[in-house]
Each structure stands twice: as C-alpha cells, then as structure tokens.
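Going by the working numbering, the sequence shown wraps up at 159, each residue one higher than the last.
Please note that the accuracy of each hint is not assured.
Derived SDA-like pairs (lysine to any residue); straight-line CA-CA distance at most 25 Å [what the hints assert, rightly or not]:
(1) K138 to F154
(2) K115 to G32
(3) K115 to E45
(4) K116 to R129
(5) K115 to F47
(6) K115 to P78
(7) K115 to A79
(8) K115 to T157
(9) K115 to A153
(10) K115 to T127
No wet-lab data here; the hints were simulated from the structure. The model shown is predicted, which means the values in this text are computed figures rather than measured ones.
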Amino acid sequence: GAVTAERMPAVKGRETETVELLGERPLFYLPGLTLEFARLVHEGEEFSSVPNYGCLATFAGPPPYRAVFLGDAKPADPAVADWLNGRAVDLALLNFPWICLPRGRRFLAQSVPAKKIAVLHLPYEQTDRNHYLDVTRKAAALYRPEDTVLLTAFGQTYP
C-alpha cells in the first residue's frame, strides 16, 4: 500500500527519514506531493542486477506539475512507456544517453511527452576526456533545443 506522511517510518539518529523502496511501483503521499516510483532496468549489462527506480513527482495544482526522473534507466525501455501510460510530464530529468542515442530521442518523442528536458549525469568540462559534453550538445541541438538544458555545473539552476 501507499505510504502517507503520517505513516512514514522514522529513522532514529538521522536528520532525514529513509524509506526502503520495495516492489515494482511504490507510492508515497505527502502534503501537496505524490511520489510514484517504478522499478526500471538499469542501463549497462554489468549493472543489470543493480536496483534502479524512476520517480514521478506530482505537485498539487492547480494545475498539477509533474516531473519525472528516470535514474539510470536503460534508454527506450518500454517499461517507462508502460509506467507513464501517456501522462503529460512538465519536466523530464534524464541521463545524457537518452538524448545522445537516436533510439532514446525517438522513444522520448513517442512515449515521454515532456514539456521541458533537463539532461544530467554529465562529466565536468575539465574532466570530460571522452567528449560526452560535445556529443550531448550536438544531440540536444537535434532534439528540441529550445526545450532542453544540459545541467553541467554544480549548483546550476534550470529556468
């Protein structure tokens, strides 16, 4: 069942509360916020046994505002489309392979109807030996550049 703010388990000795995610689609209700999680396949064969959850945060409206974070989910995983089930998303927070890979861009266009996209999990400019930033900038220019921002610096904000 869903966990509400009243039923959220307290963890003694910590400033924040920690809740272990169990099951395929845990759901949490907090005042003004619903957090819906979905277990998704982790990108990379070597990480296939690592748990990975996406999170759809719905902030109370009117109108409601939805932000989705897919964690390290495998780009173009059909489980993402099944989970979101056509629900409109205001902001998608995505690791850079979702934008860099053509299959990721196609999947986003068809199955993740996000108004804005923030691309993350990018290296810092000074440590980018594999040129991921250049590749991601070029890919973002191909896919809705006016609605996409690359989060490349610590503390960077998204307008």
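Problem set entry | Satisfaction of hint between G32 and K115, Cα-Cα up to 25 Å | Holds: K115 and G32 sit about 21 Å apart, inside 25 Å.
Exercise. Straight-line Cα separation of K115 and A79 no greater than 25 Å?
Worked result: Holds. K115 to A79 sits at ~20 Å (cutoff 25 Å).
Problem set entry | Straight-line alpha-carbon gap K116 to R129, limit 25 Å | 28 Å, violated
Exercise. For the pair supplied as a hint, K115 and F47, is the alpha-carbon distance within the 25 Å limit?
Worked result: 30 Å, violated
For this session: Given the hint that K138 pairs with F154, test it: the Cα-Cα distance must not exceed 25 Å.
Result: Satisfied, since the Cα-Cα distance of roughly 21 Å is no more than 25 Å.
Exercise. Is K115 close enough to A153, meaning Cα to Cα at most 25 Å?
Worked result: Holds. K115 to A153 sits at ~22 Å (cutoff 25 Å).
Exercise. Is the Cα-Cα distance between K115 and T127 25 Å or less?
Worked result: 31 Å, violated
Exercise. Holds or violated: are the alpha carbons of K115 and E45 at most 25 Å from each other?
Worked result: Distance of about 31 Å is beyond 25 Å: violated.
Problem set entry | Agreement of K115 and T157 with the hint, judged by alpha carbon distance not exceeding 25 Å | 17 Å, holds
Exercise. Taking 25 Å as the top limit, are the C-alpha atoms of K115 and P78 close enough?
Worked result: 20 Å, holds
The earlier numbered hints that this structure contradicts are 3, 4, 5 and 10.
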